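2 protein chains.
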Amino acid sequence: MTLDPLLFGEIDPPQRLLMGPGPVNAHPRVLRAMSADLLGQFDPEMTGYMNQVMALYRPIFGTANRWTMLIDGTARAAIEAALVSLVAPGETVLVVNFGRFGLLLTEILGRIGARIESVEAPWGETVPLDAIAAAIERTAPKVVATIHGDTSTTMAQPLDGLGDLCHAAGALLYVDATATLGGMDIAADRWGADIVTGGLQKCLGGPSGSAPMTISDAAAEHIFTRRHTEAGIRATGTVDGKGPRIGSNYFDLAMIMDYWSEKRLNHHTEATSMLYASRECARVALGEGLEARYARHAAAGRAVTAGLRAMGLTVFGDDRFRMTNVTGVYIPDGVDGERVRAAMRDHFEIEIGTAFGPLAGRIWRIGAMGYNAMKHKVLITLGALEACLRAEGFVLPAGAAVTAALEAWEA
Amino acid sequence: MTLDPLLFGEIDPPQRLLMGPGPVNAHPRVLRAMSADLLGQFDPEMTGYMNQVMALYRPIFGTANRWTMLIDGTARAAIEAALVSLVAPGETVLVVNFGRFGLLLTEILGRIGARIESVEAPWGETVPLDAIAAAIERTAPKVVATIHGDTSTTMAQPLDGLGDLCHAAGALLYVDATATLGGMDIAADRWGADIVTGGLQKCLGGPSGSAPMTISDAAAEHIFTRRHTEAGIRATGTVDGKGPRIGSNYFDLAMIMDYWSEKRLNHHTEATSMLYASRECARVALGEGLEARYARHAAAGRAVTAGLRAMGLTVFGDDRFRMTNVTGVYIPDGVDGERVRAAMRDHFEIEIGTAFGPLAGRIWRIGAMGYNAMKHKVLITLGALEACLRAEGFVLPAGAAVTAALEAWEA
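Top to bottom, those sequences are chains B and U. Under full-length UniProt numbering, the first residue of the first sequence carries the number 1, and numbering increases by one thereafter. Under full-length UniProt numbering, the first residue of the second sequence carries the number 1, and numbering increases by one thereafter.
These aren't lab readings, by the way, just hints derived from the structure by calculation. None of the values given here were measured: they were computed from a predicted structure. Note that beta-carbon positions come from the ideal geometry of N, C-alpha and C, so glycine has one too. Everything hinted at is true.
Straight-line distance between alpha carbons at most 20 Å, and here's what the computed SDA-like set of lysine to any residue pairs gives:
(1) B:242 <-> U:110
(2) U:263 <-> B:338
(3) B:263 <-> U:357
(4) B:377 <-> B:347
(5) U:377 <-> B:43
(6) U:263 <-> B:342
(7) U:263 <-> U:240
Computed footprint of chain U on chain B; a stretch qualifies when at least three of its residues, placed anywhere within it, have a C-beta under 8 Å from a C-beta of chain U:
(8) 63-77
(9) 243-251
Some residues of chain U that are not near chain B, with every Cβ distance over 10 Å (derived):
(10) 131
(11) 262
(12) 334
Turn these sequences into a full structure, and let the hints guide you.
And the structure:
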């Protein structure tokens, strides 16, 4: 063994203000909750906490769904769990695609063996409901899959009415709300969404690694048509489920529901510390009140947008469909985007985001979400960005950004 | 919203001593490490921590493998990532099956579409190397998959020489070391194992939810034959990988290696708090010294076994192949196993384990691992079990268990 005898030292990350598209700084209560010691997975105290998590996430998802629980992985794990459990190979899925995460749905569905159809909008726009309706009519999908807020483009797809459209055509609706859960109005029942998934590391102000999801009774019934019990935990001589299996064991929602139900059939070992974190994220959000929380994120989005425009920058995308918690802004001509990001980090300990794919090198993404959707953090970030842009030789009206942001926040 | 206005109260789990097959109590340093705040995923401090984790887990896996990293999920997630990335549909895999977790390998491989062959031992035994050799000869597998320590039976499969056997036949070797990593000698390179996976919640004394793994260069090369880059993060106009894709996006080890390499291609958002926990688990283990740690687990196993026998109980399984960190013991005739477990919990705040499948209701499983492989915890547990057995009317030599355990520990 040739490791440093001090083994790299104690954990001691620098105190960065994370104002990118996520992850963001965790709420201190969430960090503290993770320091509680572990419990056995079938300890009544542990299963009690699991039941509390189910209850706490129902209002956050805007649902009365019984099946509201956690996937033990990052937000992407919940997306794959939803899709692999809903969709059998060869079935048609319509993807509402307006950014990188729409492409991710396509990518995951391709591996599942789905027949993929798409209805698309250019990056920076969303897909009109009538275009989705026409695509459903044209493709007769079993499932319609969409992102709610796509951080790659900062656009939020309107979803009211979509569930009815899907159900009238015999399709189930999947919504990825990773980037908006706890920050924008999530209304699984009003939307008529059959599965909605999220993550902690955006508007809920927690760490990545646990992914809340909710499943309608109709979707659960559909998933249970492929329900099986693992050989290793069946009583001797009992019969397994029948019919085909879901393509993944870890992401088999039928098994995961059996684990979260009063059956408590062993599947994975629930990630206890992350469950504590998820529970505390929800308690913080519900303690604040969801309406107040959404208003706070909206104020932050208004302030960031107003501040950027007051600096003379051009905000990316369609104002009507803007996510409140992350804002894209064009890097001005003659300014080195990565040098500005490095200066923000080196001089101010503030992180702002870069971009992906066709927007790489063209926009920055500035987030204000969860514990960081606060007035002072928005103002500090804009002031720092102004200083870094001036250092690059960009000419702007000094002090205008902070003033405009403050006015917009209070509006 | 009809939730309790106090939202179920602050996290405050009872102080249970977890002496089952895992999870166990986490080391306090690991719990504290998780309270550090988050970092952006491409922050140089964050990628620095990722590189440290790679370095820290090499000695723990007994390997020089470059690709030594974390999967963001429970131990079961790493098993599925290994198998879905190594095995293409239709390929033959030989499973070394001697317990529930061998059955789990079969279960996961079935969903991947592998052709599954098995070489088996009854629960409580292990599979002789020459039986595996004969099975390899008979089945010509692409991959041989085995559990190291199967907690369902408390048996540890001997693995020295198995890699050579596999490689001579053109097969890769996968080993699941979830239950033994950090507690028994794990020797990926000496065994010739191509992938070894683990978890934190057993001998490493951390929470479930992050799964260390190591991948040999040969396995990495094999996996990279199915490497692709996600559409959403490719530069415009660039070409994707070629050939078939791995059946899962989340578990695509080619993508996960690209994320953990200097390429830093975005995949999931690394579960930062769990990475901090993984890092601290490794620092604790290496700070103690692996040889000392293995000796401590061996002492605990000797003490538990000796104590149980001194009470007049019958220990389950073959002494020659016993895991050091978990011991199965028959529930004596006339004793209600679940009532004893409840009494252990209610009177002593100690959890011991039940069993699965053919052993359900027949044995208890008593663990002493990670932070709980300590002399006083073993002695307390045996003393408590004696009291609970006596309350059930079981006749035993009073005090003999603790005395025998103490002698065995010191031996």
